[in-house]
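A.B. asks: What follows is the residue order along each chain.
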Amino acid sequence: MTKKIVNRVLVSIPVLIGVILIIYVMLNVIPGNPIEVMMAEHARQDVIDRISAYYGLDKPVWEQFLIYLNNLLHGDLGVSYKLNRSVNSLIADAFPYTLKLAIAAALVSWIIGIPAGILSAIRENTIVDRLFMGFSLLGVSMPVFWAALIFQYIFAYRLGWVPVSGAETWQSYILPAIVLGWSSAGTIARLTRSNLLEVLEEDYIRTAWAKGLSQAGVILHHAFKNALLPVITMMAIQVASLLSGAVITETVFAIPGIGRLAVDAITNRDMPLLQGTVIFTTILIIAGNLIADILYSVIDPRIREK
Amino acid sequence: MKKHAVIVLVCSALAGAALAGCGSSAGGSGTAASGSTSASSEAAASTAATEAAGQTLGNANIDTTTFLKFADDNPDIVDPQCTSDYYIIPMNCFDRLLEVKVNSDGTSEIVPSLAKSYEVSDDGLTYTFHLNKGVKYSNGADLTSSDVLYTFNRLLTYPKAVNNDIAEGILGADKLENAEADSLEDVGGFKTIDDLDFSITLSQPNASFLAQLTVPGASILDEDTTEAAGDQFGIDPSVTIGTGPFVFSSWTFNSELILTANKDCWSGAPACDGLDIKVVPDEETQRMMFENGELDILDLDNTPSQADYFLGSDKYKDQIIEGPRVGIYYIALNEDIEPMGNVEVRKAMQESLDRQSILDALYGGRGQLENGILPHGLVGFNENLPEIKYDVDDAKKLLADAGYPDGFDLELDISSDDTQTSQDLMEIVSSMWGEIGINCTIKTMDDATLQDTKHSGELSCYSSSWSADFNDPDNFMYTFFGNEKNAKFRSLNYKNTDAMDRVTAARAITDPDKRIAEYQDLEKTIIQDDAAWVPLFSKEHLFVVNPQVSGFTVSWNGWSNNYYHNVSVKR
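Protein chains in written order, with this note's numbering: chain A, 1 to 306; chain B, 1001 to 1571.
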C-alpha cells in the first residue's frame, strides 16, 4: 500500500513538471506585454519599459524561466504583476473561500445524489425513479450561471431568505452550494443508480435475498457497498475539481476564491499568478485522483491485493 | 470493521479540512459548517493585522451598519502613484496641494487644499506654496514641506510609479528618473523654505502644472509611514496613511474595502460614518443588491446592462443622479494605412457617420456630440466649433475626388475584452461606412495583441475613449497630438508636425486666454482641417441613488470614482 502511494506520488512529479513547462511556454508565445495590458489607455512606453524591467521581463525568456524554476523550488510562486502581492499569499487567501464552497457543494451533492440514486434503483421505472432522474438530468444539463441567477432571483431577491451575494456569512454559501451541488448531485445520482442496478442483478444478491435478509439489509449492506466503488472515485475527483475553483459560481455570487483569481490572471496576462493557480490546481487534481485510488483499494480488497 | 474505520477517518479528515479552511480554531465542535464562517471573521478580527491566516488586511472588526454602501471593482493597488484607475482611496483618504471645485454653472476652478495659497513667479517657472498649519495625517503625524518633497521624489524614482508625468516638468526630474540624483532639492527643482513653505521650479513654463497637482496621483504622502511601509504601501491599509476625510481601514481582497470617517480631519469630519465598498463583479447581482437595500449607490457605467431597467422604471426615475463624464469617444484613423493617408478620405469617413443615431442607439441619447478633441465640461471646450455634418452624398463625392469612387477595403479592430456596446459601435460604423462603399471587415483581437499592435503604430482603425485626468486641454491635446511618438503610440500616425510642435509649445504660454485660443485653433486644424480622427460624443455618467442618501454629486472629471466627504446616509 505505502509503496503504491509512493509510486503514484513519484509518477505525479513529471506530470507537474510538464504542466509547468507547457503553461510557461504557452504564456510566453502569445504576444502582448502584461504591463502594457494593465496600463491600457494610460500606457506610456517609458513606464511600460521601466516596470517590465522591474519584474525582469526584459531578460531572455529562458533566463526568466530558470529564475522562475529556482524560486519555485524554494516554494516561491513569485509576485503578481497586477495585484502587487505575492502569489503564495493570494492563493492562501483565496483558497479557504473555495474550500468552503467546495465542501458545502460536495455535501449537498452527496446528500441529494446518493439517496436519490438508491431510491431510483430500488423503485426502478416507477414514478419515483422518473422524478429523481428527471431532477438529476435537470441538474446536469442546466447551465450553472443560469441556475445561479434564477436561484438568486427567487431566494435572495424575491423571498429575501439569504444574501444576494458575498462571502461574509455562512448564509452566503447556501445558494452557491446548492447551485454547484445540484449539478454534481445529478451525476452522482445517475452513477449510483446505474451501479446499484447492475449489482442488484448479481448472484450474491440473490443469495442474500434467499437468506431472507430485509430489504434494507440487502441494499445497504450487500449491494450499496459494491455499487459505491465508482461513486467514491467520482466523488474524490469531483471534490478536486470543485477545489480548483468554480469560476462562474464564484463570479455570480462574488466569492473571492481561486476561480476568480485565475480568470483575472488570464485576462491580465498576469503570468506569475496564472502559473501559480494552475500549478496549485494541478496538485489538487493529482491529489484528488490519488485519494480516489487509495479509497478504491481500501474499499475493494481485490484491487488492494493486486 | 477496519475498512469502515478507514472510511470514517478519511471522511473526517475531509470534514476537518473544511473546518480548518474556515480559519477557525473553534471549528472542531459538531455544529457543522454553519457556525464556522462567522467564527472565521471573528478569528480574523482578533488577529486584526497582516498575517496570511486572515484574508483581510487591516481591521476586520468594524461595524459597517451605518456606512454608505456601494459596489466597485477590486483595486490592484491603491498607492496613488501606482494606479491610473482605482482612485477611490487616493480621492477619499488623501489630499492634494490643490483641488478642483465645480461651480453651479458647470465651470470648474482650482482651489486651495493642503496648500492654503501659492504664488507664481513672473517667468512662470517658480511656484511658491504655503501649507495649511496644523494638518495631520490620520496617524497623528504632521504634514510638512518635506512630505511634499518626498512625494515628488517618489513619483520620479519609485520603480512601479505610473503617474510620474505629473512631476516630469520639474527642473531636474530627468536626473531622478535616470538615477543620477536622489532628490529634487539637489537638482534645483525643489526648495524647502521652512516646515510649511516651499517652492517648486519647472524646467520650462507649463500652464497646466497647477491642474496636474489636483489629480489623485499627486496625493501627498507621509514620508515616514510610506518609507517604512515599502511595497506594502497601497496594499496594507494600516500603513496606507493620508490626510483625507476617510481612513482606509480594511481590505478583504476581491470582496470588500472599508473606509472609516476621519473625525479629526483637518478639513472637517465627513458627513457619513464610513464607506463600505463591496466588490461585486456581476451586473445583475449588483442590481438585486441595490434593490434589496444592500447597496446605496449604483454606478450605471459599471452596470450598463441594467441601465435601461432603472431609467425606464417609474420607481427609480427620480433617483437618478447624473453628471457629465468629461471625456471623448473617438474613432482613430491610422494615416499610415492607405488610403487613410488621404485627408479627403478621412473627411469622407467623418461625414458618413450619423453620430447622433449611434449615440441614441447605444446610449439612449444620453450624451452630447463632440466635434473636436476637447469635450464638454473641459476647460477650453469650444462651443463654436463647427459641427461635423452627416452628409452621405458629400462623403461619396469626397471619396470620388480622392480617387476612390468605388470605395476601398478597411479593417476595423476590436478587442475581445471590449464590452458588447463597443462591439455594437463598430458594427454600426461598419454598416454606415458601407453606405459610401467602404467595405469593412471587423477583426477581433485578443486585448494584449491589440494593445501591442496599437502601440507599435500598426492598428488600422479602432474606437476608444479618453477621459480627463485634470481639467486642462493639455491632458487631451498633448496625449494624442503632442509629438510623433505620441501619435504613433495610439496608431494615429498624424503627419502635421507643425501642428504638433504648436501643441507642445502651447504648454508654455502663460496667458490663459491666449493659451486656450491657441488650443482651440489647433483643435480645429487637427480634427476639422486634417480630420485626424472621427470625434463621436461624450457621455453622461449616471448613478441610481437610494433616497436615504444625500449630498451625492458626480465627480467633475472622467473618472469612475467620486468624492464622498459631503455624502451622508440615514439609517
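Rather than coming from a laboratory, the hints here were simulated on the basis of the structure. C-beta: ideal position from N, C-alpha, C; glycine also. Just to be clear, a hint being listed does not mean it is correct.
Covered stretches of chain A (chain B as the covering partner; in silico rule of three or more C-beta atoms under 8 Å from a C-beta of chain B) [unchecked claim]: (1) 77-84; (2) 144-153; (3) 158-164; (4) 270-281.
A.B. asks: Next, verify each hint and record whether it holds.
C.D. replies: Now the hints, each set against the structure:
1. Beta-carbon proximity to chain B at under 8 Å applies to 3 residues in the segment 77-84 of chain A; the threshold of 3 is reached and the given coverage holds.
2. Counting residues of the segment 144-153 of chain A whose beta carbon lies closer than 8 Å to any beta carbon of chain B gives 3, which meets the minimum of three for the stated coverage.
3. Residues of the segment 158-164 of chain A with a Cβ under 8 Å from some Cβ of chain B number 3, which satisfies the need for three, so the listed coverage holds.
4. A count of 0 residues in the segment 270-281 of chain A with a Cβ less than 8 Å from any Cβ of chain B is obtained; the coverage claim is therefore unmet, three being the minimum.
The structure does not agree with numbered hint 4 stated previously, though it agrees with all others.
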